[in-house]
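J.: Protein sequence lines, in the order shown, are assigned to chains H, D and R. Residue numbering for the first sequence follows full-length UniProt numbering, starting at 1 and increasing by one per position. Residue numbering for the second sequence follows full-length UniProt numbering, starting at 1 and increasing by one per position. Residue numbering for the third sequence follows full-length UniProt numbering, starting at 1 and increasing by one per position.
Think of the hints as simulated: they come from the structure by calculation, not from any bench. A portion of the hints provided could be inaccurate.
Straight-line C-alpha distance at most 30 Å; calculated DSBU-like pairs for lysine-lysine [stated by the list, open to error]:
no., chain 1, residue 1, chain 2, residue 2
1, H, Lys212, D, Lys78
2, R, Lys119, R, Lys198
3, D, Lys255, R, Lys82
4, R, Lys140, R, Lys196
5, R, Lys116, D, Lys255
6, R, Lys82, D, Lys232
7, R, Lys82, R, Lys63
8, D, Lys78, H, Lys204
9, R, Lys231, D, Lys255
10, D, Lys232, H, Lys204
11, R, Lys246, D, Lys255
12, R, Lys128, R, Lys116
13, H, Lys212, D, Lys18
14, D, Lys255, R, Lys119
15, D, Lys255, R, Lys140
Pairwise CB distance ranges, derived in the manner of DEER restraints [stated by the list, open to error]:
no., chain 1, residue 1, chain 2, residue 2, range
16, D, Thr254, H, Val30, 22 to 28 Å
17, D, Lys350, R, Ser77, 21 to 27 Å
18, D, Ala320, H, Asp56, 33 to 39 Å
19, D, Arg167, H, Gly57, 22 to 28 Å
20, H, Leu20, R, Ser120, 33 to 39 Å
21, R, Ala179, D, Pro259, 37 to 43 Å
22, D, Lys350, H, Ile37, 41 to 47 Å
Selected chain R positions facing chain D (in silico; Cβ < 10 Å) [to be verified]:
no., residue
23, Arg52
24, Tyr74
25, Ser75
26, Val81
27, Val90
28, Gln92
29, Asn113
30, Arg162
31, Ala163
32, Pro168
33, Leu172
34, Glu175
We put the CB at the ideal spot given by N, CA and C, even for glycine.
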Amino acid sequence: MSSQAPVVKRRIGDLVFSNLAIGSGVAILVILAAVAIFLFAESVPAFLSEQDAAPDGFFAYVAPFLFGTVLASIIALLIATPLAIGIALYISHFAPRRLSQALGYSIDLLAAIPSVVYGLWGMLVLAPFLNPSYLWLNENFGWIPFFEGPVSATGRTMMTVGIVLAIMILPIMAALIREIFLQTPRLHEEAALALGATRWEVIKMAVLPFGKAGIISSAMLGLGRALGETMAVALVLSGSGVITFALLTSTNPNTIAANIALQFPESSGTYTSLLIATGLVLFAITMAINMLARWVISRRSEFSGAN
Amino acid sequence: MTTASVTQNFQGSRSLPKWLAPTLLAVAILASFSINSALASSNPEATQLNLFAVALVAVITYSIGFYLASRIIEGQRKSADRLVTILVTGAFALAVVPLISLAWTVVERGAARFDIDFFTFSMRNVVGAGGGAYHAIIGTLEITGLATLISVPIGIMTAIYLVEYGRGALARAVTFFVDVMTGIPSIVAGLFAYAAFVVIFGPGVRMGVGGAIALSVLMIPVVIRATEEMLKIVPNELREASYALGVPKWLTVTKVVLPTALAGIATGVMIAIARIIGETAPLLIIAGFTASTNFNPFDERMMTLPVFVYTSYANQGSDAQTYIDRAWTGALVLMLIVMILNIIARLVSKYFSPKG
Amino acid sequence: MSMRIELSSLNVYYGSFLAVEDINMVIEPNSITAFIGPSGCGKSTLIRTLNRMHEVIPGAYVKGNLTMNGEDIYSPSVDPVKVRRQVGMVFQRPNPFPTMTIKENVLSGYRLNNNKMSKSDADALAEKALKGANLWNEVKDRLDRPGSSLSGGQQQRLCIARAIAVEPEVILMDEPTSALDPISTAAIEDLAIELKEKFTVVIVTHNMQQASRISDMTAFFTIADTGLPGKLIEYDRTDNIFSNPKEKQTEDYVSGRFG
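Isolated chain H (complex conformation) (with noise of 0.2 Å):
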């Protein structure tokens, strides 16, 4: 006996109405496609132009804006991480139950603080009242090569960058290890309550080995939001094309997407060629965490014993 279903008469409405919405769905996939192309076209008169927009090289070019990226990201992360986990546990098992919704609320506002507020207040703000604890920083442990001197006067460096993206990513973090800390299945925590455990307790032995892949994947969302930051970076840090590791000076790497910004306005020709094909390495890369990301989370979901 064949399983075949027998085949079903459809009417017209639904007819049209299924094809607009899967039409819906593939126009998502001709997007992202678009993106890629439409960036890489762009992209190319950088590299064949006699002209040259880079005279050592498109590589040379982006090296320290990548290597800038990739630092004040890395930063961010070091900052963010513990502290999301901080305020999720916080939210999901420590915070009365009456406030934390309220609680949540309050660090999703942080969420929609637009980058360029952020960006103005960390310049004006942030920066100059970090300096003294940079100069102290540098006084104490200027051995350490990420603290040597000489120490900016205006405190727009590399270490208020990553502090400011630390905040910026905090919000979708906690976010998203809060809901997965809330996932942990009830039973465990109950059979690790039974045996008589401090809240700590509960939460080494149930709550966190649960949720263990959720925070590798949600920090790499974070990291993905810090790569592509771009305006609070622009107006906060004062950058070049450098490449260095010292945090507190006034010589920084800057990001790719900050250097866009910061040159796209006044660029023309094959210098806006060289811009966009640098987007292009960063939209690469973001990608490519995302998608890593969004993996770990996939296999998570399919092994993890909530329902």
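Model the placement of chains D and R on the given structure of chain H, informed by the hints.
T.: Positioned in the frame of chain H, the structure of chains D and R alone reads:
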């Protein structure tokens, strides 16, 4: 008859006395004050006490003292629990500090130019004081409106596809790439719109509608996710009830499923608008900036509020303070719009969701 | 106004899984037929084939013959939507449309299909259907309140009113009282007995007393083991099934020794 003797099995070990916490706090604040004053007096450059440093040292001193007291009196397990409580609460408090600082700064510095002129004048022929963001507000409303017009139909139809029709490889691919799309950096969206428009209009193109397209790339995945969530929580029983009445699928979706999810979808759309209305980078690339009001998104440069904030600061003219003031007021208006959109979104979902 | 339903060698599938095997039975017009049997025996699956709701589930389909008044409802030229307009259905849990008022719920079968009707016609139809569902007296003063404002039993009668408003020929009820209290259950049972004057009524129930109280014919289904298809064991007049079953399995089930 014997009187039952009261056992003490559940009384447990000793716990911290009630007076300990306030006493410790007082000691910590005093200690912090004296340490900071001593440091300040030894440093001739410091003219006044840094209150933030005082608070920070006090909190750290208090936490360490509290942990040690708990460790001595209550033992290792209980004290570890208390330490984590302190750390976790501290992480939360630390995250709230920038939020408060930011809100306070924007309100305080933005108030200077929060006047009628700001909302009624453009920057045309303005050098120094005066002028406003009228042209930028018009631009933001038009570009955001266009982006919404593009994103909402595509977003909702894609969500309908994923929830009501999607099966197999195509649906899996769309789900995956919608997730990937949420991660596109905003500046890349701007470059994409520019690159696409260059192909049609030639190099150096600047156009409001390009900004709308760039913002759509950022907005569509947000709308899809929000709508998808809402469609998924519409009970299947309602779809079945409708089919059983002899209603075809497309009418079931448009007249039963969508109305039931409408409040949630509206909330999601408003939150998506709030998210893109503050985008600066893509608009800087493709919509450009100008001092004049331009009502036509299909021709020439168009100013927007976030770009206004950025350029006011970045391209200061003579009498720099007036430019900085305008930047802060622009930031304040932008924040107010975002907050209001968020609040309306929450009210809509609270009062217009169908009950039961 | 009422249909005779014939099932012959009917097999019901979910993808490649055979859920119900080789059903042969005739359901008479103007009667109540009850489907009874243990959980998972396929009785709910079978009732959903009678209005082609089964195929709403992806990959689900039917083989064999199912005719109503002689017309094969699974013939390729038949529109499943039209079948469902002739065969109304009431579900296990009351499911009024939450965005609609009581009156809109009753008229939803027309309104959702874009059919226009005058206000007086609509009022008359709503009243007729609500009276037919024994609900009119309870709701006539609050027709514009949301359907979800009613009690569970009232909601279920609202769903019955909604089903009979489109004037079907057959009413299917899939465990319509399993989510209701005893008083609401009694109201639905009385209503079912009234409905058979006009309609062919098929009811799936877990409750053997209910089957014996209201049905004219009873079909007993069972399943040999999980993963195996459900089968029709015995189909007869209700009093025979409960007092004088021919099959040993039926006797075990109705006497409570099994299931």
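J.: Please go over all the hints and tell whether each is borne out by the structure.
T.: Here is what the structure says about each hint:
With a C-alpha separation of about 25 Å, the suggested pairing of lysine 212 (chain H) with lysine 78 (chain D) holds against the 30 Å cut-off. This hinted pair checks out: lysine 119 (chain R) and lysine 198 (chain R) have alpha carbons roughly 26 Å apart, not beyond 30 Å. For the given pair, lysine 255 (chain D) sits about 18 Å from lysine 82 (chain R) by alpha-carbon distance, which is consistent with the 30 Å threshold. Among the hinted pairs, lysine 140 (chain R) with lysine 196 (chain R) is consistent with the structure: their alpha-carbon atoms are about 24 Å apart, no more than 30 Å.
For the suggested pair lysine 116 (chain R) and lysine 255 (chain D), the alpha carbons sit about 15 Å apart, so the restraint of at most 30 Å is met. Simply put, lysine 82 (chain R) and lysine 232 (chain D) have alpha-carbon atoms about 27 Å apart, close enough for the 30 Å limit, and the pair holds. A hinted pair counts as satisfied when its Cα atoms are at most 30 Å apart, and lysine 82 (chain R) with lysine 63 (chain R) qualifies at roughly 20 Å. Only pairs whose Cα atoms come within 30 Å are accepted, and lysine 78 (chain D) paired with lysine 204 (chain H) is accepted, the gap being roughly 14 Å.
Between lysine 231 (chain R) and lysine 255 (chain D) the alpha-carbon distance is near 38 Å, which puts this suggested pair outside the 30 Å criterion. Simply put, lysine 232 (chain D) and lysine 204 (chain H) have alpha-carbon atoms about 33 Å apart, too far for the 30 Å limit, and the pair is violated. With a CA separation close to 50 Å, the supplied pair lysine 246 (chain R) and lysine 255 (chain D) exceeds the 30 Å bound. This hinted pair checks out: lysine 128 (chain R) and lysine 116 (chain R) have alpha carbons roughly 18 Å apart, not beyond 30 Å.
Pair hint lysine 212 (chain H) plus lysine 18 (chain D) does not hold up; C-alpha atoms about 37 Å apart against a cutoff of 30 Å. Note on lysine 255 (chain D) and lysine 119 (chain R): the hinted pairing holds, with a Cα-Cα distance of about 20 Å set against a maximum of 30 Å. Only pairs whose Cα atoms come within 30 Å are accepted, and lysine 255 (chain D) paired with lysine 140 (chain R) is accepted, the gap being roughly 25 Å. Between threonine 254 (chain D) and valine 30 (chain H) the CB atoms are about 24 Å apart, so this pair conforms to the stated range of 22 to 28 Å.
In this structure, lysine 350 (chain D) and serine 77 (chain R) break the distance hint of 21 to 27 Å, their C-beta atoms being roughly 50 Å apart. Between alanine 320 (chain D) and aspartate 56 (chain H) the beta carbon distance is about 36 Å. The supplied range of 33 to 39 Å therefore holds. For arginine 167 (chain D) and glycine 57 (chain H), the hinted distance range of 22 to 28 Å is not satisfied, since their beta carbons lie about 48 Å from each other. Remark: the range hint 33 to 39 Å for leucine 20 (chain H) to serine 120 (chain R) is upheld by a beta-carbon distance near 37 Å.
Range check, alanine 179 (chain R) to proline 259 (chain D): about 24 Å between beta-carbon atoms, so the 37 to 43 Å window is missed. Between lysine 350 (chain D) and isoleucine 37 (chain H) the C-beta distance comes to about 43 Å, which sits within the given range of 41 to 47 Å. For the restraint placing arginine 52 (chain R) at the interface with chain D, the shortest Cβ-Cβ distance is roughly 9 Å, inside the 10 Å limit, so the hint holds. Because the smallest distance between the Cβ of tyrosine 74 (chain R) and any Cβ of chain D comes to about 16 Å, over 10 Å, the interface hint for this residue is violated.
Violation of the interface hint for serine 75 (chain R) is found here, the shortest Cβ-Cβ separation to chain D being roughly 17 Å, above the 10 Å cut-off. Satisfaction of the interface hint for valine 81 (chain R) is found here, the shortest Cβ-Cβ separation to chain D being roughly 5 Å, below the 10 Å cut-off. Taking 10 Å as the C-beta contact cut-off toward chain D, the hint placing valine 90 (chain R) at the interface holds, the least distance being around 8 Å. For glutamine 92 (chain R), the interface hint holds, since its Cβ comes within 10 Å of a Cβ in chain D; the closest pair sits about 9 Å apart.
Given hint, asparagine 113 (chain R) at the interface with chain D, holds; its Cβ is 6 Å from that chain's nearest Cβ, closer than 10 Å. Taken as an interface hint, arginine 162 (chain R) checks out: its beta carbon lies about 7 Å from the nearest beta carbon of chain D, inside 10 Å. Annotation: alanine 163 (chain R) was flagged as interfacial toward chain D, and the flag holds, the nearest CB pair being 7 Å apart, inside 10 Å. At its closest, the beta carbon of proline 168 (chain R) sits 8 Å from a beta carbon of chain D; the interface hint therefore holds under the 10 Å criterion.
With its C-beta approaching chain D no nearer than about 8 Å, leucine 172 (chain R) sits inside the 10 Å limit, and its interface hint holds. Taking 10 Å as the C-beta contact cut-off toward chain D, the hint placing glutamate 175 (chain R) at the interface is violated, the least distance being around 13 Å.
Violated hints, in rising order: 9, 10, 11, 13, 17, 19, 21, 24, 25, 34; the structure is consistent with all others.
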